[in-house]
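Chains as they are written, first to last, in numbering that gives the first Met the number 0: chain D, 0 to 637; chain B, 0 to 104; chain X, 0 to 169; chain E, 0 to 358.
A few of these clues could be false.
Listed below are the simulated DSBU-like cross-link pairs for lysine-lysine, each with C-alpha atoms no more than 35 Å apart in a straight line [as the list claims (entries may be wrong)]:
(1) E:Lys89 to X:Lys24
(2) X:Lys24 to D:Lys606
(3) D:Lys612 to X:Lys113
(4) B:Lys97 to X:Lys89
(5) D:Lys114 to B:Lys89
(6) E:Lys159 to B:Lys89
(7) X:Lys162 to E:Lys159
(8) X:Lys162 to D:Lys604
(9) B:Lys97 to X:Lys113
(10) D:Lys612 to X:Lys130
(11) B:Lys89 to X:Lys87
(12) E:Lys89 to B:Lys97
(13) X:Lys89 to D:Lys604
(14) X:Lys87 to E:Lys159
(15) D:Lys385 to D:Lys551
(16) E:Lys57 to X:Lys24
(17) D:Lys114 to D:Lys551
(18) E:Lys159 to E:Lys57
(19) X:Lys113 to B:Lys89
(20) B:Lys89 to D:Lys606
If you anchor each label on the Cβ, the simulated ranges turn out as follows [claimed, not checked]:
(21) E:His16 to X:Ala115: 29 to 37 Å
(22) D:Val631 to X:Ala10: 15 to 23 Å
(23) X:Tyr6 to E:Ile76: 56 to 64 Å
(24) D:Asp77 to X:Tyr134: 47 to 55 Å
(25) E:Trp334 to X:Ala10: 36 to 44 Å
(26) X:Arg88 to D:Ile586: 45 to 53 Å
(27) E:Leu342 to X:Ala115: 39 to 47 Å
FYI, nobody ran anything at the bench for these hints, they're computed from the structure. Heads up, the beta-carbon is just placed ideally off N, CA and C, and yes, glycines get one too.
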Amino acid sequence: MDFSYTILIPLIPLALFVILGIFSKKIPPSISGWIGSLGLGTSFVLSWYTAYSYFLGGKLNGVYQTFIYKTTWLNFTDKLHIDMGVLIDPISVMMLVVVSTISFMVHLYSRGYMKGDDGYTRFFSYLALFSFSMFGLVLATNLFQMYIFWELVGASSYLLIGYYYTKPSAVAAGKKAFIVTRFADLGFLIGILLISYYSGTFDFQEINSLHGSIITNWAATSFMGLSVITWGLILIYLGAAGKSAMMPFHIWLPDAMEGPTPVSALIHAATMVVAGVYLVARLFPVYYFVENGFALQIVAYVGAISSLVAAIIAITQTDIKRVLAFSTMSQIGYMMLALGVSKYDGHEGLGYMASMFHLFTHAMFKALLFLGAGSVIHIVHSNYLKDMGNLRKHMPITHITFLIASLSIAGFPGFAGFFSKDEILAAAYENNMLIYVSSVLVAGLTAFYIFRLYFGIFWGKDNTYEHTPHESPWSMTIPMLFLAFMSIAGGYIPFSDYISADSIPFKSHLNLPLAAIATSIGFIGIILAYVFYKKENNLPERFANSFGVFYKWTYHKFYFDEIYLFVTKKILFGIVGFSAAWFDKHIVDGTMVGIGNTTVAISEKIKGWQSGKFQDYAMSFVGGGVVIAMVVFYIWIN
Amino acid sequence: MIAGINIYEILTLTSILFFIGLYGFFTRENLITVLLSIELILNASALNFVLINTYLYPDLLQGAIFTIFIIALAAAETALAIAIIINLYKLIYSVEVKDTETMKY
Amino acid sequence: MEAILFYILAALIIIFAVASVTSRKILRAVIYLLFVLISIAGLYFLINYNLLAAIQLTVYAGGVIVLFIFSVLLVHHVELELEKTPLKRKIIAGILSLLGLGITLWSIFTYTFKTATTTYSSIEVRDIGLKLLSYGDGGYILPFEVISVLLVAVMIGAIIVAKGEKLKEN
Amino acid sequence: MNFLIMNIPLNITSTIHDWIYSIMPETAASITIMVLIAVIYLALFAIIGLYLVLLERKVAAWFQLRLGPNRVGPWGIFQTIADALKLVSKELTSNDRIDKFLYNLAPYFVIVSTLIGISVFPFSKQFQAFDINIGLFFLFAVSSIGVIGILVGGWASNNKFALIGAMRSGLQTISYELSVGLSLLTMVLLTGTLQLSEIIEVQRTGGWLILQGHIPAIIAFMIFMIAGTAETNRAPFDLVEAESELGAGFHTEYSGMKFAYFFLAEFINMFIIASIAVVVFFGGWLSPFGITDGITWFPEVLWFLIKVVMIIILMMWFRWTFPRLRVDQLLTLEWKYLLPINLANLMFMAVIIWMNWTI
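Model the full structure from these sequences, guided by the hints.
Encoded structure:
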């Protein structure tokens with residue numbers, strides 16, 4: 000089978016970006032929106048066609064084949080060369096579908112959402128750039144290509160977060176996202192260098208196929224009790240954690256909500272933030288086999304903690320986009336922990352499949368949640384829960400789709416989230432009880448906060464609005480309806496037939512007892528939310544007060560930002576920076592100033608020699624010549 | 000080749016001429032007279048070319064040709080220098096060296 | 000006879016050169032220079048470089064000196080005397096020149112020149128002309144052309160520089 | 000002693016030459032001969048100068064339909080000698096606050112340059128003091144020194160008219176020297192030599208150069224005459240003196256013999272220009288169509304003088320015919336007309352010689 004045409008999938012958005020970017024002042028908004036949507040529509044169709052043909056015909060002897068089309072891009076030496084190309088295997092095809100679907104939907108949605116905005120065409124060119132970068136990342140054949148697109152994704156994310164560049168908070172958020180992810184990417188880069196140095200290749204396939212024999216050799220070189228390769232994997236995971244907003248690096252994600260809501264849906268919910276998950280999945284064999292999966296355990300625990308913490312924080316936030324952002328973080332934590340608890344062969348690799356499955360369904364319902372939130376914000380002109388309420392009658396479609404998405408994320412039976420979450424919980428249960436418990440807890444919390452949101456927006460108190468709320472235009476609701484459909488139907492896709500850690504399909508089945516536990520926990524959450532937020536009452540406050548300090552901590556997101564500020568401002572800038580500045584000022588500058596002062600002092604003494612008379616200069620010249628001649632002759636004689 | 004005169008005497012003459020020109024270049028206070036000194040220097044070197052050619056390589060013409068070039072260059076240099084001096088005189092009504100010291104520290 | 004002529008010419012050259020660099024009347028300095036130049040032309044005649052002598056007379060006596068005299072006529076009055084050079088300056092310049100002269104003469108006299116034995120009677124204009132225009136080995140067509148271009152450039156430059164102010168007015 | 004024998008061949012009469020060498024040692028003999036030649040040329044210089052003045056006055060009178068000097072001697076032939084005696088006996092006055100040295104030096108520049116000038120002409124085959132191999136160029140070089148005398152004299156006089164006259168003279172001489180040089184160069188293309196005697200030899204076989212070179216030679220001759228007239232500061236180019244404007248120009252402040260030097264030098268210059276014209280264009284001492292070639296006793300110098308006088312009369316004719324030019328007209332004529340024409344003519348001549356179109 001030939002999949003070389005998939006190169007078109009990233010190239011179409013690139014062309015769009017170039018065209019829209021160069022002619023952003025010339026192309027009228029009405030046309031640029033259509034151009035963007037049309038281009039992404041093409042990518043969308045191509046991606047689905049690729050998925051269709053690959054998953055139906057890509058098997059050979061029951062194993063999904065990997066198709067690679069690449070060319071040498073930079074050829075330094077025979078061994079050191081950087082390739083560019085496309086890699087087609089189950090997860091990349093799955094990601095293609097996710098990215099193109101969400102991107103296409105967001106394009107359609109943006110045509111309505113961004114209407115009348117000044118930088119309409121610019122917005123679409125940025126979106127195109129992001130799509131290009133994301134496709135490139137997904138299709139990357141080697142670590143370096145992935146790194147390039149990884150950074151491109153970061154750059155376009157920066158551009159889109161800071162899209163409203165006249166707003167100081169947006170600019171700050173853009174910078175924050177960029178700096179934090181950049182910092183994490185440093186780890187990624189060092190990890191790449193370590194891995195590539197020891198394996199001698201950038202290529203994913205080669206790295207993954209080395210796992211049997213060479214890994215033991217790698218393990219020989221150790222540092223602080225861990226082999227170098229484990230360090231490399233941990234460092235790579237650092238990058239993944241940065242992009243995917245895992246625990247220490249998650250602080251940028253809530254702030255990134257300053258960007259336009261479609262952007263949040265596309266980048267900060269469905270695609271870019273799962274790049275970390277995708278990266279770990281891409282290197283899964285290495286993670287799994289090196290030192291009995293030590294790095295993978297770190298992935299699991301970090302994922303579990305992140306998911307729990309994020310879920311707790313999400314309960315107390317009042318900005319609906321921030322709630323969704325923490326929810327995203329929590330769900331990505333889910334995927335991470337699923338990867339972390341996964342094993343490799345056959346049914347043992349359930350976690351891997353579950354992670355990918357959840358990635359897929361989460362992309363659909365989380366994008367839908369964001370689009371719904373966007374739709375609401377579009378009408379209400381506010382991000383805050385207190386400004387909303389009782390909107391279900393005014394916006395029936397938004398209401399219904401939001402409800403579907405909420406049910407899906409809460410794991411209500413029959414919806415997509417139910418199936419994928421069940422697989423994760425099953426995987427966790429089979430491998431790590433601690434993580435399993437935490438995951439179940441998160442499932443309940445998820446149901447609670449998402450329905451808090453749902454009831455807060457569509458039920459609750461009857462707010463007065465500036466103008467009567469109305470349903471969003473069709474350009475916005477159609478993508479939402481499509482995603483609502485996917486949020487239900489996505490769960491019925493037999494994922495284990497398509498994706499597994501070792502590319503060999505296996506049969507998975509619903510684990511009923513576990514599903515029952517999770518579902519009942521979810522129900523509890525929903526009911527609690529119903530009690531608290533269905534009607535306006537003082538229950539939440541009393542409840543909050545009873546938690547006291549804990550509530551306050553949660554409300555302030557466990558003071559993560561403040562800790563960061565303390566570390567950077569007080570320790571880095573205050574102590575390290577101060578002494579460095581002192582050194583710079585007194586030693587380095589002092590030397591330079593001293594040289595300068597000496598020069599000035601000397602020149603004050605000798606400036607009279609520059610009399611402005613050319614004859615004086617000529618005299619000095621001849622005098623010098625005479626002296627040199629004398630010296631030369633003296634040496635010559637002796 | 001001059002009968003009875005060896006090359007050392009001639010080179011002595013040209014050296015003296017050269018350094019007289021140099022002395023004038025150092026000490027004259029007027030731009031025109033400075034130029035005169037430069038002419039002396041140039042002539043000393045031109046004479047050197049010719050005389051060395053005559054004494055050492057009488058069958059060659061290089062010295063004569065280079066002297067022609069030197070004379071042409073001297074003429075060009077003088078023409079330009081005098082144009083500048085006259086323009087300077089138009090501007091500041093002086094051709095003294097001390098009045099041209101504006102580039103002093 | 001020729002030696003006597005040479006000594007006479009050498010004496011003239013040195014005397015008038017000294018006079019030229021020390022005279023405090025500007026036009027006298029120019030005329031002394033003219034005498035130096037004519038004496039040098041005499042030296043050229045003495046060694047049978049007639050063409051060079053004529054060039055020396057034409058270009059220097061007829062061109063350069065006339066230019067000098069012109070500039071003197073334009074910028075200087077007959078009654079003015081040149082400013083005196085400070086004695087300190089004279090002494091320093093004198094010492095420098097004498098030192099330089101000493102070193103030059105010392106290096107000349109310590110070197111043994113291989114004086115040619117054959118003599119070349121007289122250079123012909125034709126030879127020099129052919130040499131200047133030949134582009135083969137030992138030809139000087141390129142420097143000749145370069146000098147021509149230089150002279151044209153200087154001519155234009157001198158006109159522009161000397162005209163300066165007037166051009167701006169127009 | 001090669002130097003003297005080679006470069007100053009004593010061709011006046013070989014007998015005198017041999018006789019002097021026979022009675023004296025070599026060095027003394029050559030010095031004696033040099034002095035002798037100098038004396039002869041000085042005498043020649045005086046006679047030519049004086050009689051050209053007379054000729055001028057006669058021609059002027061003739062042009063103006065009057066008699067001219069006719070009292071001293073028959074037809075007034077001793078008039079100028081009397082004038083010279085008067086000038087010699089006159090007091091030499093000068094201004095206050097002048098540069099004495101330069102003031103006194105100036106006339107000698109003019110005199111010496113003209114004197115050197117006439118020394119290179121071959122008046123006849125035998126009668127030539129200094130047959131230098133770069134004859135024409137040498138003449139050109141020497142004649143350019145004369146202007147220095149005029150400039151220096153004008154400046155040293157401490158007189159504004161003299162200064163202006165001197166400046167004008169400088170302008171004029173430098174400018175027209177170009178045309179003189181270029182027109183002669185045009186002819187040198189034809190002769191292939193600069194030596195005056197050889198130039199005449201060339202004409203012996205091929206006819207006078209003005210005929211050999213036909214059109215360009217005629218153009219060159221015309222330019223040469225115009226420029227030559229200007230070189231000698233004669234009317235219509237006598238801006239240097241311009242009596243009606245500047246008194247007497249650069250020699251306003253000169254009196255007595257010094258004035259006479261300038262005055263004589265002007266006429267000798269005219270003679271030199273005429274002589275150059277004769278040598279370069281009209282075959283020097285060669286007889287027209289070789290009519291006296293067979294006659295051995297015929298003094299060829301006569302032909303030379305006849306031709307020179309003809310040309311001098313032509314120049315005098317100019318003087319009494321054309322009005323004086325303004326100084327800008329003078330420069331325009333030179334730089335905008337004569338010089339380009341001259342350059343084109345030089346090219347033309349080169350083409351003619353290249354294509355071998357000469358007669």
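| Does the structure break any of the earlier hints, and which numbers would those be? | 3, 5, 8, 9, 10, 12, 14, 16, 17, 19, 22, 23
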